[in-house]
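Asks: Based on the sequences and whatever the hints tell you, model everything.
These protein sequences, in sequence, are chains Y and G. Residue numbers for the first sequence, in the working numbering: 1 to 217. Residue numbers for the second sequence, in the working numbering: 1 to 268.
FYI, nobody ran anything at the bench for these hints, they're computed from the structure. Don't take every hint at face value.
[Claimed, not checked] Computed list of lysine to any residue pairs in SDA-like fashion (alpha-carbon distance at most 25 Å, straight line):
{"#": "1", "chain 1": "Y", "residue 1": "Lys185", "chain 2": "Y", "residue 2": "Arg46"}
{"#": "2", "chain 1": "G", "residue 1": "Lys84", "chain 2": "G", "residue 2": "Gly94"}
{"#": "3", "chain 1": "Y", "residue 1": "Lys185", "chain 2": "G", "residue 2": "Pro10"}
{"#": "4", "chain 1": "Y", "residue 1": "Lys185", "chain 2": "G", "residue 2": "Arg16"}
Below, each chain spelled out in residue letters.
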Amino acid sequence: MRGTTVDAEPMPQRGTPALRIDVPEESVGTADLPAALYAAQNGDERGFSALYRDLQPRLVRYATVLVGRDDADDVTAEAWLQIARDLHSFTGNLDDFRGWASTIVRNRALDLLRAGARRPQTPSSPQEFPQESATQDTAAAALETLSTDAAIRLISRLPRVEAEAVLLRAVVGLDAAAAAAVLGKRPGAVRVAAHRGLKRLARRVRYLPQEGRWTVE
Amino acid sequence: MPALTPARLPRSTTDRLLEGGVGPEPLRQLLAAAAAPAQADELGGEQAAHRAFITAARFPPLIGAAPHNPRRHNRALSWIVAAKAIAAIALTAGAGGVAVAATSGSFPDGLPAVSIHQKSDPDPDSARPTVVVDRARGTAERPDSQPAPASTAGSPDSRRDSTDPAETSTGTVPPARSDQPGRSEVEPAPDDGTPAASRPVAPGRPQPATESANSTKKSTARTPPSQQKAKEDDGNGTAATKKDEPGNSDNVGDPRSDTAEQRQEAQE
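Replies: This is how it looks when you write it as structure tokens:
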């Protein structure tokens, strides 16, 4: 699970008093998210906040691949309304919760696409990565400066199935089976799509040795 | 950059990259940038989500409320549609049966044909059901009883009247009249060209009513008081129904025979 540390402690039994979890800003993604999920299901606001801060950036980026950055906030806002309403009836662990939330976001995004026939915004090509001062490892230095928005835009230029497979697995943090459940496909098809997506990304990333920077075709 | 060529990206390598493992550095950095920690603009909707969570916690849905089940809903809809289809088929079949029954003998044009067939039976009692049918139809007797010999000569009813007046008279008047002796005197001598037998069974017709009223004035002196009432009723058409009744069979023929005699006297 990328970006998330899940402790091996057993889940607290239902019926116990709601946990009070203090989630500081810097600890988002490393908190005891299974406990936060349990606490949120029992009405604890802090547990819900911990879940939101961990999952919302992933969902926004996934929605950006589907509908573009401008509509991604609206899509995720509607998704969180449904999550907050139906969280008490949700059954499953943290991975199931991420898959469930991703499915809600995908459904809302597809509804938006059907309603307005909107298309996700893609960056104009060719786009150059921000140039970094030359070091001994020019490629690594250049990619380190790559912003999150630029990386998401790169992935958004892939075919939608491949982009969704890469986002769900590399950003949302789902395994192949969970991503397949979100996409309505078999796990093998999701693995193939993610593999093809990464190969396509590798073709688009070019290193210019004479200029000392990376470009994207 | 050799590490980024697609030929050197086996599936095992991409799987490791997707799970956060080692792999070609440019792709690993690209995926790391995509999965970077949250930015400030990405958490702008936290307050709205928090309010929705509090609202949902304060006002939970009813415990007994059944969750929405689209499959169950569709099943109920299919039952309703099936019931409507069956009802429509039943109504169509019923209406068709009524239409077939109506075309089998209830139309006015088909009625005289039934009467003629039954009149061919020599037994006078067999003609009684024909009269009952005529009386039950009430208004349906009008097309048969309308004389109009010249204008309706083309109609099948008038043709039957012209070819065989005796049959026509038995078909439109009560069968008790066939036993009346003065009946043969009435039919060969019509006053206005119409069959005389058709006049008493034309309720509501003004012309026969006035003629019969005039004739009753002349015959009041010769008829007994018990028969005068029947003659007076003949003017407004109510006598026609009374004549059909078996108990009034004696009174049926009297006004007609008296009228015929008076007409003969008037001709003489």
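Asks: Each hint should be assessed against the structure and marked as holding or not.
Replies: For each hint, the structure was consulted:
| no. | hint | in the structure |
| --- | --- | --- |
| 1 | Y:Lys185 to Y:Arg46 | violated, 35 Å |
| 2 | G:Lys84 to G:Gly94 | holds, 15 Å |
| 3 | Y:Lys185 to G:Pro10 | holds, 22 Å |
| 4 | Y:Lys185 to G:Arg16 | holds, 21 Å |
The structure fails hint 1 only (numbered hints given earlier).
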